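Let chain A serve as the given structure and place chain B on it in line with the hints.
If you read the sequences in order, they're chains A and B.
Be aware that the first sequence starts at 1, since it is given in this note's numbering, and climbs by one per residue.
Be aware that the second sequence starts at 1, since it is given in this note's numbering, and climbs by one per residue.
Just so you know, not all the hints are guaranteed correct.
Heads up, simulated BS3-like pairs for lysine-lysine below, C-alpha to C-alpha not over 30 Å straight-line [unchecked claim]:
no.: 1; chain 1: A; residue 1: K47; chain 2: B; residue 2: K121
no.: 2; chain 1: A; residue 1: K99; chain 2: A; residue 2: K85
no.: 3; chain 1: B; residue 1: K121; chain 2: B; residue 2: K72
no.: 4; chain 1: B; residue 1: K141; chain 2: A; residue 2: K47
no.: 5; chain 1: B; residue 1: K28; chain 2: B; residue 2: K72
no.: 6; chain 1: B; residue 1: K72; chain 2: B; residue 2: K103
no.: 7; chain 1: A; residue 1: K57; chain 2: B; residue 2: K103
no.: 8; chain 1: B; residue 1: K141; chain 2: B; residue 2: K65
no.: 9; chain 1: A; residue 1: K99; chain 2: B; residue 2: K103
no.: 10; chain 1: B; residue 1: K103; chain 2: A; residue 2: K77
no.: 11; chain 1: B; residue 1: K21; chain 2: A; residue 2: K77
no.: 12; chain 1: B; residue 1: K72; chain 2: A; residue 2: K99
no.: 13; chain 1: B; residue 1: K28; chain 2: A; residue 2: K77
no.: 14; chain 1: B; residue 1: K65; chain 2: A; residue 2: K77
no.: 15; chain 1: B; residue 1: K141; chain 2: A; residue 2: K99
no.: 16; chain 1: A; residue 1: K85; chain 2: B; residue 2: K21
no.: 17; chain 1: A; residue 1: K77; chain 2: A; residue 2: K99
no.: 18; chain 1: B; residue 1: K121; chain 2: A; residue 2: K77
no.: 19; chain 1: A; residue 1: K47; chain 2: A; residue 2: K31
no.: 20; chain 1: A; residue 1: K85; chain 2: B; residue 2: K121
no.: 21; chain 1: B; residue 1: K28; chain 2: B; residue 2: K121
Derived from the structure by calculation, the hints contain no laboratory data.
All figures in this text were calculated on a predicted structure; none of them were measured in a lab.
The lines below spell out each chain.
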Amino acid sequence: MPTTTINGRDVAVDEEGFMTEYDQWDEDMGKALATAIGVDMTDDHWKVIRFLREDFKAQGETPTIRRVSTAGGVDTKQLFVLFPKKPAKKMAYIAGLPKPHGCV
Amino acid sequence: MTATQDMIVPSFDDEAETGRKLAIICSKGNLDMAYPGLILGNAALGEGVALDLFFTFWGFDMITKGRMEHLKFSPVGNTATHIPAALAPFPGMTSMATHMMQKSMDALEIPAVPEFLELIKASGAHIWACRLSADMNHLTKDDLWDGVDDIINASDFIEMTDGAQLLFI
Chain A
1 MPTTTINGRD VAVDEEGFMT EYDQWDEDMG KALATAIGVD MTDDHWKVIR
51 FLREDFKAQG ETPTIRRVST AGGVDTKQLF VLFPKKPAKK MAYIAGLPKP
101 HGCV
Chain B
1 MTATQDMIVP SFDDEAETGR KLAIICSKGN LDMAYPGLIL GNAALGEGVA
51 LDLFFTFWGF DMITKGRMEH LKFSPVGNTA THIPAALAPF PGMTSMATHM
101 MQKSMDALEI PAVPEFLELI KASGAHIWAC RLSADMNHLT KDDLWDGVDD
151 IINASDFIEM TDGAQLLFI
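Extracted from the complex, chain A is given alone in its bound form (with noise of 0.2 Å):
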């Protein structure tokens, strides 16, 4: 697994460059990460990051973009406002987490 420097820290991440260690990342890396694919962050963005990290702790896995809109409470449109394109996986890498396995 190949390490790289964000914010100036050592961290693991996969060949992709998603984070691999969840104890690794914290706030101000994910600030870090979303300024690398120009992702701006407002509170609207945190909130969805937020609830990111917390269902993977609670569930093991990352949430798909329906989990987000049906237990996060951000309906899709947003999603897709706030993270153009391929929110799932923009998601996912700002919040310092695999890209989600599920298919829906």
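Quick look at chain B alone, frame taken from chain A:
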């Protein structure tokens, strides 16, 4: 040194305007055949691919208000269910098979067809109904699910999906 200087950053293809488009023709009204188009379409939208869904013939049931919530799955003629062929047409088999399929979909958190359509629509899909199917069934836009963009003919659909990858289900 900036914070991001040495970072491995995944490519989300934001810069590349790929213009990739997928068009799916949904022609079946069985519960089991309703899902492939919805699942693939939803995956495409999540990958930033534009999606047009065209509902025609039996697929019309998927977007008809009175029918979309009552799609059925029948084991008749379907050897992959592994139910003996002689038993498949028995009364109650279709409702049992439908019930079992819905249960396994629920367990996987796959939404029911109407909710799935809502999800796809909210993700930016265009939903088209076939003119000929509407005429055959004497249905107007009022009879169709509210998310339907319009009733269009086959030529319109071919024209608007210029350059798209096409899938017939």
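### Query
Within a Cα-Cα threshold of 30 Å, do B/K28 and B/K72 meet the stated pairing?
Holds, at roughly 11 Å.
### Distance restraint between B/K141 and B/K65, which requires alpha-carbon spacing of 30 Å or less
The given pair, whose Cα atoms are some 10 Å apart, holds under the 30 Å limit.
### Query
Is the hinted pair A/K57 and B/K103 satisfied, with a Cα-Cα distance of at most 30 Å?
Given pair A/K57, B/K103 holds - Cα atoms ~27 Å apart, limit 30 Å.
### Task
Decide if the proposed pair is consistent with the structure: A/K85 and B/K21, CA atoms, cutoff 30 Å inclusive.
holds (13 Å)
### Task
Assess, step by step, whether the Cα of A/K99 is no farther than 30 Å from the Cα of A/K85, and give holds or violated.
Holds, because 15 Å separates the two Cα atoms, which is no more than 30 Å.
### Query
Within 30 Å, alpha carbon to alpha carbon, are B/K121 and A/K77?
Between B/K121 and A/K77 the Cα gap is close to 9 Å, so the pair holds against 30 Å.
### Task
Would you mind confirming whether the straight-line C-alpha gap from B/K21 to A/K77 stays at or under 30 Å?
The given pair, whose Cα atoms are some 19 Å apart, holds under the 30 Å limit.
### Query
Can the restraint linking B/K72 and A/K99 be considered satisfied, given a maximum Cα separation of 30 Å?
violated (33 Å)
### Query
Given the proposed pairing of B/K141 with A/K47, does the C-alpha separation stay at or below 30 Å?
Cα-Cα ~38 Å, so violated.
### Task
Measure nothing beyond the straight line between the CA atoms of A/K77 and A/K99; if it is 30 Å or shorter, mark the hint as holding.
holds (20 Å)
### Message
Hint check: B/K103 vs A/K77, CA-CA at most 30 Å. Holds or violated?
### Response
Satisfied, since the Cα-Cα distance of roughly 28 Å is no more than 30 Å.
### Message
Need the status of pair A/K85, B/K121: alpha-carbon distance at most 30 Å?
### Response
Holds, at roughly 14 Å.
When each numbered hint is compared with the structure, violations occur for hints 4, 12 and 15.
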